[in-house]
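Please work from the sequences and hints to get the whole structure.
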Amino acid sequence: MRKLALTHEILMQVEKPARYLGNEINSIHKKPTDGMVRFAMCFPDVYDVGMSHLGLPIIYDMLNRRPDVWCERVYSPWPDLDKIMRDKNIPLFALESQDPIKDFDFLGITLQYEMCYTNILQILDLSDIPFHSKDRKESDPIVIGGGPCTYNPEPIADFFDLFYIGEGEISYDELIDLYKKCKADGKSRNEFLVEAAKIKGIYVPSLYEIIYNSDGTIRERRALFDAPLTVRKVIVTDFASAPYPQKPIIPYMKIVQDRAVLEIMRGCIRGCRFCQAGSVYKPQREKQLKGLLSLAKKILDNTGHEEICLSSLSTSDYSELKPLILGLINECNKRKINISLPSLRIDEFSLDVMKLLLDVRKSSVTFAPEAGSQRLRNVINKGLTEEEILNGASKAFIAGWNKVKLYFMVGQPTEDYDDLAAITELCEKIAMKYYDEIPKEQRHGKIQISASSSFFVPKPFTPFQWAAMLDRDEYLNRAYFIKDNFRKTLNNKSLHYQYNDAETSLMEGVFARGDRKVGTVIETAYKNGAMFDAWTEYFDFDIWKDAFDACGVNMDFYTGRSRSVDEILPWDFIDVGVSKAFLIKEWEKAQMAVPTENCRNKCAGCGAAGFGGGICIEG
Amino acid sequence: MKVRVRFTKTGEMKYIGHLDIMRCFQKAIRRAGFDIAYSQGFNPHQILSFASPLSLGMESEGEYFDAVFNSCLSSEKMIKKFNKQLNDDIRVISFRVLPENAKTNAMASLRACKYRVSLSDEVFKALCEKGKPENLWWDFLSQPEITTERKTKSKLLKADIKPLIIGGKLIDNAIELMLCAGSEKSLKPISVINAFFESLSFPYSGEEAFLKGLISITRLDQFTVDKDSYLSLGEVGEIYE
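So the protein sequences, as listed, match chains D and B. Taking our numbering, I'd label the letters of the first sequence as residues 1 to 619. Taking our numbering, I'd label the letters of the second sequence as residues 620 to 860.
One or more hints might be untrue.
Which residues of chain B face chain D? A partial, calculated answer using Cβ under 8 Å [said to hold, decoys possible]: (1) Glu631; (2) Ile635; (3) Asp639; (4) Cys643; (5) Ala647; (6) Arg649; (7) Phe653; (8) Tyr657; (9) Phe661; (10) Lys788; (11) Leu789; (12) Gly832.
These are calculated hints, taken from the structure and not from any lab test. Ideal Cβ placement from N, Cα and C applies to all residues, glycine included.
Structure (structure tokens):
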């Protein structure tokens, strides 16, 4: 039996010890050799969540193909183990080797959502690595951040030695080769970082100085040591032949998404103006049908999963969706495997498919209009009309469904109370459709409509990056207004409405568009006990309010303020390929409620064509 | 065809819970491409049933599940194919085809389990300080009644566990226990050790000693009753040629 970092006594004390063993089937164990680069890849949340994520296995697979690198995993110890590790001074360890993180060459942390920021500090703290890049010693691992939150890394800039901006497939080899060379040449940590800043997609925050105006906005960014003034994201242009893990790790314990994941497409052709993913993953790129079907077979052979899920930002836009799904159904039926299809547009084809895959009585059809009125849907450029929704619903009712889910956002730019009233009206129209079109004897009971709304958070690199976010009271007023309207409807027994709490979204609002001054708030909140903020049972808004007060940082400066397009934004130094001129044009069109065509219909000239790949080139 | 699979669970796998072990086998069966039978209905699942769950932290040399296969290779080949999909700490060691007319599955036919409780040096030393270990164990086991107390929400339940102890012996620093198991009457090895340690006025209960790693417990095998004698679940059925 290999030596475990945790004793029998501790493993018997914690909930779900399987989180900390690292002995899963398909996990990669190597024999450490001299000069082998040890890479700890971290998802700063509990194993159950982190293991459900697709991006990390891609890098795990890619790095471990190199014989001179051993990439291992590390996740946030759950609070029960966290406490034991602190009490007993047990250093955080990587799962496969069970070796302390502190002894690694690299600690890569994937940043999938803003509410994980205090968990970054938990990881550093338990690993005994100084929080600030500037305090780290030669022997400490190089701490790298990656993932969607790096499109504005400034609130957490001090905690990282470097950020990787873009898709993991591109620059890691160069970075590791450089590291090995620097080490062989006896170069220091700082010398390595200065060199690393020259690699495409690598941002070294310590090489920049930010000068602020007296009102708190940015006056200037100064680059030191010849570091580049802008950092352009790196992406895979030949996406169809990009490597993809064929033998993903099979966890023993049940995790949040316990299934095989098939990435069919990256990027999105739609230009929803609130959506950061749609912007930063441009251009849209597809995998080829034939490759996907054989890949699906291989993954199922190698994992034995009983469900497979298609992953993309908008499944319905995949150009060969029909043959793909039919091919998968054919393969999966033989093996008694479920297929899970997220984000399908409701039309005849998708309903036929859903009828094959789902129990019509138990499942529901889902729409994401995001806004209630057509005017506001034009503002946000959500290309979904009321007619399409009602037609889709009607077809679903005829096919036997009677449950409908709808997703909305509250607080988008230009929204007024008429737009909010339209949410209820739309839901009522759907209910009426059911009672008008389905004869009583063919109905399976009452219609059930559940609408939910989230609190809109403006994100960097979207046309709404200049917009103000609502304050807490106004958001709640609007949510209550909708709730009230739902109560007054004719079918109020069948219509349900729920809304997200305001506090978490406000915090997201600060982190999403924050600058370096926010870093001290995160550190203060962490020291006062904030951790696992993405978990409602652990999120404590009071800790955060106190931390903002203690640091003299005003939340409203980040959330409640609309910015002028001339202001230097904290993330302006990143080039995601979508030009600022395009975003400004879209911001102006939004004010006038003028929609923009999707990439497939007509190129809007966003700038992503400069990458030379995907839909921009192939059309 | 109904089959019975015996497997071992050792080392790190003792920290993987019962439900996870079931899922691990379901996936291993899919990876191996076995011709297992599925239930009918909207969400078909493999027809598998495990003899009895093993407590977290215990190792085992004799775990069992029954399954229905549409077809299979020889026992020897099936064992090899299974093990290709598993790791060193979980191994299939027997694969037998049950008689067509077998009425009960492993779970329903279970009557007894055999355990080995290994005492650490620390516990064994403490035991020696109280007297000759064999004598202490004999005295404990030959009491007319062995009462244990169990707290429920509202009251204290007293029970005599002696009738549920089929046999027990202390050899060197290990106690071997044969205990009733199954749906009618069942006894956990920890309950016996709790009572034994209490009779010796040890500062810790059997449970605490187990959680701290002062004793370790291995399930050696599971048994049914056949013609008034105990028969290993693994000896039911025939090796498939």
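Status of each hint after checking the structure:
no.	hint	verdict
1	Glu631	holds (5 Å)
2	Ile635	holds (5 Å)
3	Asp639	holds (4 Å)
4	Cys643	holds (6 Å)
5	Ala647	holds (6 Å)
6	Arg649	holds (3 Å)
7	Phe653	violated (10 Å)
8	Tyr657	holds (5 Å)
9	Phe661	holds (5 Å)
10	Lys788	violated (26 Å)
11	Leu789	violated (23 Å)
12	Gly832	holds (4 Å)
Checked against the numbered hints above, the structure breaks hints 7, 10 and 11 and satisfies the rest.
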